[in-house]
Amino acid sequence: PGGGGWSLSRLLLGRGTERAKERRTASPLRREGSPEPGSDAPAQFVGGKLLSKEEQQLIWSWLPIRQRLKDATLIYCSEKHGYNLHTLYRLSDQKIKEQEHRRGAAETASLLIIKTGRKEVLGVYTNVGWQHLEHYYGNGECFVFRLSPRPRCWKWSQRNDMMMLACNKSLSIGAGSEPALWLDDEISQGISSACETFGTPPLTTEEQVIVLPAATDAAGQKGK
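Here my numbering is used: the first residue of the sequence shown is 1485, the next is one more, and so on.
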């Protein structure tokens, strides 16, 4: 899920129409958790520019099986929509309500992709879209990942169930001693720390304040 310049972006993965299965040749980028040669190609990410095709394939291989053949559409891009957490919440909530109106209780899973000022790319998959709620929500399908440097995905550790927290002044994923990822309300800086929820070290090369003159994209799956 991506946008042009990179800081933060969000994609909503709603209820998608399964695409016809396509075969693909082996990718030169084969990492742990990536699809086997000849497996189904991932669905399209409509509107995103942050991810290369190989990176998209890698992320889609980490998704729950039922999500892998669904398209994703860009909901929020910091460069396009501005650096404001409440804009992300509003656009995400709007898309969730659109899907619920069209299909009833549709799934609204999402991907949040961040590129830092150091050009490190990390992200979050959540089973539901981000909405402004002052309590934890989300389930054990949520996971965090890093694409650059050294791609890796961390699934739920089952140590606690504190997944998503979308407050007025910040957004965070995971908890325990610290969240795996925390962003301020202006999406101008964030923090990545070792996190009990996913058993992760800092997603960045070191525990640090993440400067975000980069970009943020958010996306979700969609149906036709």
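These are calculated hints, taken from the structure and not from any lab test. Fair warning: this is a prediction, and the values are worked out from it, not measured in the lab. Accuracy of the hints is not assured; some may be wrong.
[What the hints assert, rightly or not] Below, simulated DSBU-like cross-link-like pairs (lysine-lysine); rule was C-alpha separation at most 35 Å, straight line:
id, residue 1, residue 2
1, Lys-1603, Lys-1581
2, Lys-1639, Lys-1537
3, Lys-1537, Lys-1603
4, Lys-1564, Lys-1653
5, Lys-1564, Lys-1537
[What the hints assert, rightly or not] Have a look at the derived ranges for each label pair, beta carbon to beta carbon:
id, residue 1, residue 2, range
6, Ser-1632, Arg-1586, 33 to 39 Å
7, Gly-1601, Asn-1623, 31 to 37 Å
8, Asp-1669, Lys-1564, 27 to 33 Å
9, Arg-1586, Asn-1644, 33 to 39 Å
10, Thr-1689, Asp-1668, 18 to 24 Å
11, Lys-1603, Arg-1550, 20 to 26 Å
12, His-1585, Gln-1673, 23 to 29 Å
13, Arg-1634, Glu-1584, 20 to 26 Å
14, Thr-1689, His-1570, 25 to 31 Å
15, Gly-1683, Pro-1548, 31 to 37 Å
16, Pro-1685, Gly-1624, 25 to 31 Å
17, Lys-1564, Asn-1623, 17 to 23 Å
18, Ser-1654, Pro-1685, 20 to 26 Å
19, Ser-1654, Gly-1624, 19 to 25 Å
Virtual Cβ for every residue (Gly too), placed ideally from N, Cα, C.
Hints, one by one, checked against the model:
For a cut-off of 35 Å, the pair hint linking Lys-1603 to Lys-1581 stands: about 34 Å separates their Cα positions. Note on Lys-1639 and Lys-1537: the hinted pairing holds, with a Cα-Cα distance of about 22 Å set against a maximum of 35 Å. With a C-alpha separation of about 18 Å, the suggested pair Lys-1537 and Lys-1603 falls inside the 35 Å cut-off, and the hint holds. Between Lys-1564 and Lys-1653 the alpha-carbon distance is near 21 Å, which keeps this suggested pair within the 35 Å criterion.
A threshold of 35 Å between alpha carbons decides the hint, and for Lys-1564 with Lys-1537 the separation of about 22 Å falls inside it, so the pair holds. About 36 Å separates the C-beta atoms of Ser-1632 and Arg-1586, a value consistent with the hinted range of 33 to 39 Å. The supplied range of 31 to 37 Å is met by Gly-1601 and Asn-1623, whose beta-carbon atoms lie about 32 Å from each other. One distance hint, 27 to 33 Å for the beta-carbon pair Asp-1669 and Lys-1564, is violated here, with the actual separation near 18 Å.
Between Arg-1586 and Asn-1644 the beta carbon distance is about 35 Å. The supplied range of 33 to 39 Å therefore holds. Between Thr-1689 and Asp-1668 the beta carbon distance is about 21 Å. The supplied range of 18 to 24 Å therefore holds. Between Lys-1603 and Arg-1550 the CB atoms are about 33 Å apart, so this pair departs from the stated range of 20 to 26 Å. Judged by the Cβ atoms, the range 23 to 29 Å given for His-1585 and Gln-1673 is violated: they are separated by roughly 36 Å.
Roughly 38 Å separates the CB atoms of Arg-1634 and Glu-1584, a value that falls outside the hinted 20 to 26 Å. Taking the beta carbon of each, Thr-1689 and His-1570 are about 30 Å apart, inside 25 to 31 Å as hinted. Hint check: Gly-1683 to Pro-1548, Cβ distance near 19 Å, so the stated range 31 to 37 Å is violated. Distance hint for Pro-1685 and Gly-1624: a CB-CB separation of about 20 Å, inconsistent with the stated range 25 to 31 Å.
Separated by about 30 Å at the C-beta atoms, Lys-1564 and Asn-1623 break the suggested range of 17 to 23 Å. Checked against the hint of 20 to 26 Å, the C-beta distance between Ser-1654 and Pro-1685 comes to roughly 21 Å, which is consistent with it. The beta-carbon spacing between Ser-1654 and Gly-1624, approximately 23 Å, falls within the hinted interval of 19 to 25 Å.
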